[in-house]
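Chains A and B supply the protein sequences, listed in that same order.
When the first sequence is numbered by the working numbering, its final residue is 500 and no position is left out of the sequence of numbers.
When the second sequence is numbered by the working numbering, its final residue is 449 and no position is left out of the sequence of numbers.
Careful, some of the hints might be misleading.
Said to hold, decoys possible - Below, simulated PhoX-like cross-link-like pairs (lysine-lysine); rule was C-alpha separation at most 25 Å, straight line:
# : chain 1 : residue 1 : chain 2 : residue 2
1 : B       : 288       : A       : 164
2 : A       : 230       : B       : 29
3 : A       : 427       : A       : 230
Worth flagging that the hints you see were computed from the coordinates, not collected in a lab.
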Amino acid sequence: MNVWWKKHWPKLVLGLIFALTLGIRLYFSFTSQTFTYESYFTLRQVEVIRETGLPAFDDHFSYGGRFLPFPPFFYYLLAFFHLIMPLKLVGQLIPQILISLLGPVAYLIAKKVTNRPGVSLFTAFISGFVPAVFKETVNSLSPYTLIIPLVFFALYCLMRLENKRYIYYYIVSVIILSFTHPVSFLLILGLVFYLIITRIEEKKLDRQEGELIAFSFFFFLWAQIILYKKALLMGGINFIWGNVPSGIMSYYFSKITFIEALVAIGIIPFIAGIFIIYKYLFKQKNKEVYLSISFALGAIVLLWLGLMEPRVALMFLGVVFVLLFSEAGRLFWEYFLNTKFVPFRYLLLAVVLLLFIFNSIYPSIELMKEKEKPLPEETEAALWMKGNLPSGVTVLSTVEEGHLIAAVGEKRNFMDANFILIDNIDKRFQDLERIFKTSYEIEALDLLNNYGASYIFFSSQAQKQYDITKLNYLGSNCFSKVYTNEKVKIYKVLCGVERK
Amino acid sequence: MRKEKIMVFILGIVSIISLALGPLLRLLKDGNLLPAGKESFYWLQDEGIYGRLFSGLDAINPWALYGLMISAGLVSVFLVYSILRKLKFEVEEAALITGLSALSPFFTSFFNHPSAQMLMILWIMLSAWLILSWKKYLSYLGLALLLAVPLMGDIFNAIMAFAIALIYCSHTREKKIFLWLGGLICATAFSFFYLGKPLLTGPVEIPVNFWQGFVSEFGTTGGMGAFILVLSCIGFVLTWKKAKNYLAVYGLLLFFLLAFIFFSGQSLIYLGLMLMVFAGRGAMFLLKREWQMISLRNLIWLVVGLGILFTTLNYAVSFSVSSPDNSLIKALSWLHDESRAGEVVFSNYDNGLPIEFLAGRQAFIHQGMGKNSFESQREMMEKIFYSSEPQETLRLLKWNKIDYLLLDGQMREKLWKNKETGLLFVLANKQFERVYTKEGIEIWYFEKS
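Same shape as in the complex, but just chain A:
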């Protein structure tokens, strides 16, 4: 029994960590009545795939009707589970299982780097509570729930090329990532930085590593050309920047301060990670650590170029710093065992655990609570629209609510967060703001008529976002309230503007 326990205890503890992480996530998932705003896009795609076998690339609801290319693997994966489970259960369960797999992946990487099960298990535990990741993935049907564990699994496979099956695992990972989300380019960029760093540090690259990196690059390029062919022809190179309105771009970047970024990554992993980067770039050499460092560099470069949102960059950086922390943890533990404080090692472990609870777990939960998602009243209002408004009408709402309008209300939205290939996106975004904030009925009507919007979805989300309590031009007979609940009012536009 003793021998069996000695051999298998890490797996048992890892299983417990996985169960704990998944359990906490599922708790929040099942106690919430709604998903995050962007999840409604996923829900709609899953339903469309279930009905037609294909995703809604020609989207009749988004922006009143538009062509939208995107990698469909994640939606097909959820649609597969939808064959055997209700959609809501799929949404609550499957993404949380996927993201919880990050723990075992982090364990494997940490074990390969440090060769210490204890430190690796601790890394697995804290990887489940990276505040940036926790915030963006709980209650969320985001492709990042698949991408994050898969990217780091691909990284682990690159560390295990001496075993041939990991080569095939890596190839399959790259293929799946290429068809899941373009942010997978981070893997390619990270590998390019890895090549550069190993060259500078005069570390020899394995031939297999070079070949796999070449394969990753070519396959990813080919997959993106296939997926986005039409969009590239229509939008040219500007398509790569996602066509995000400048108003939203400045909002993304101004929203996050350094302290907030530090909290999102985790203070202790950040400090430990910086120490390891310094140590292994300037003092010692370790190829496996370079892989992690390369990823951090890749995320920073993409963030700097505006190709990655700060919240996404923080997710990847958070996980990378946790992995780097494992090596710092090993070094610290080995140092500590040689000091006279060694009898107090369990006390030290308890203190470190407490520190992590306060620096990572507690912020994770608090940040998750701050994440904006629709109120039950909003989904109720959207459901009402589905049954009571004519089909083919366009409903004006905030950008975040756009997917809700399309998925639940099954009505055309004015604007949503899929900005690519939309002409004059800045003007549209500014006009949306003007419609909500203007005091002049004529201006509001002119803009509404211009875009063909015949209903306004005025929610508490809109009030908060535009810092208004009501629409200032509703006094006349040109607007009629057709629905109201505690948080949402829906108005019908009755008038038009005649031009002479």
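We have chain A; now place chain B onto it with these hints.
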């Protein structure tokens, strides 16, 4: 020897397919062999020797014109291969470089549109081939042919001719040969300064973002494929160690790249050919390298091959649907029959040259105008399109003596997002009468009085 014959045979088949695919798809789609694109119509209406040749062939039989273009392309392909072999490139590498060129839109598009550039490339290739025979009289014949280039082609053709002569002279180091260089410089000066020949010929280019004009996948009908660019980068890095052997290519590459960025897209053919040398080197590296995993090598080659073929197919499909399509041809044919000579037609500049050639009427704006005239007409065109004052629009149309307005679907969709301003709004006026509407094309008659 047998291996080379097989390679050349395959090269020939690949080239024919690549060159003929676009026109064939166009024929299957529209049932006509009318040339496509502004370049074609510019040269069909050229009053010089090129215009007479192309329009003459087109008048005899449309197949004859395409026959000339595809033959010129095929001969150019074989000349490129032969030149590379004379420059001591290995059979496989020469075949790869030539094959990649033949599959690339930058090369194929030059031989799918009748133009002076198409014939000049053939002429320059032939000259280079003769020069590289290294036999005195054939070389002199090649140099003599090069002397004619500045008189017949544009500035880039003249520069390329000069570069070929310079490389030959530096290789042979015969003093007499420098006389040829002097002759080329004189011919260039005579042609462009004394005779006043324009430095660039062809339709006015609309400035686009560099990447959109350079990479096929970003929207240009010609351009370089993304995978070929990647192979070129690999080849460039590999050749850097032996930079001395590639100095001439580096120099020409840099020159034509800068010319492409700052001067004209017409340098793309020479830029492309230089890049193909590196692409071939990159492809050879991937082919000859000892791979640890053969299956991975095969997978990479499959992906690269599919990527290159995808670019070729993409170009062929773009060519087959390029303007003028059947609906526009029918509309212009109607306009030719129903309107009077001398009447002016207002439309987007893309339709200008087809209006002039197919309808035989004066287009308000077309890309055959000089650059300054084109820019001022374009300003006027935008004022007319986007004016929010109907009276002003009417005044501008009268002042420019417009008789007809031709609107296609793309114009309506792209140019006028707001139905209540712009030209579409003004058409409600009684002075406009819709005289033709079919398959998305509308022709409006404007009563000026």
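Hints, verified against the model:
no. : hint          : in the structure
1   : B:288 / A:164 : holds, 23 Å
2   : A:230 / B:29  : holds, 20 Å
3   : A:427 / A:230 : holds, 24 Å
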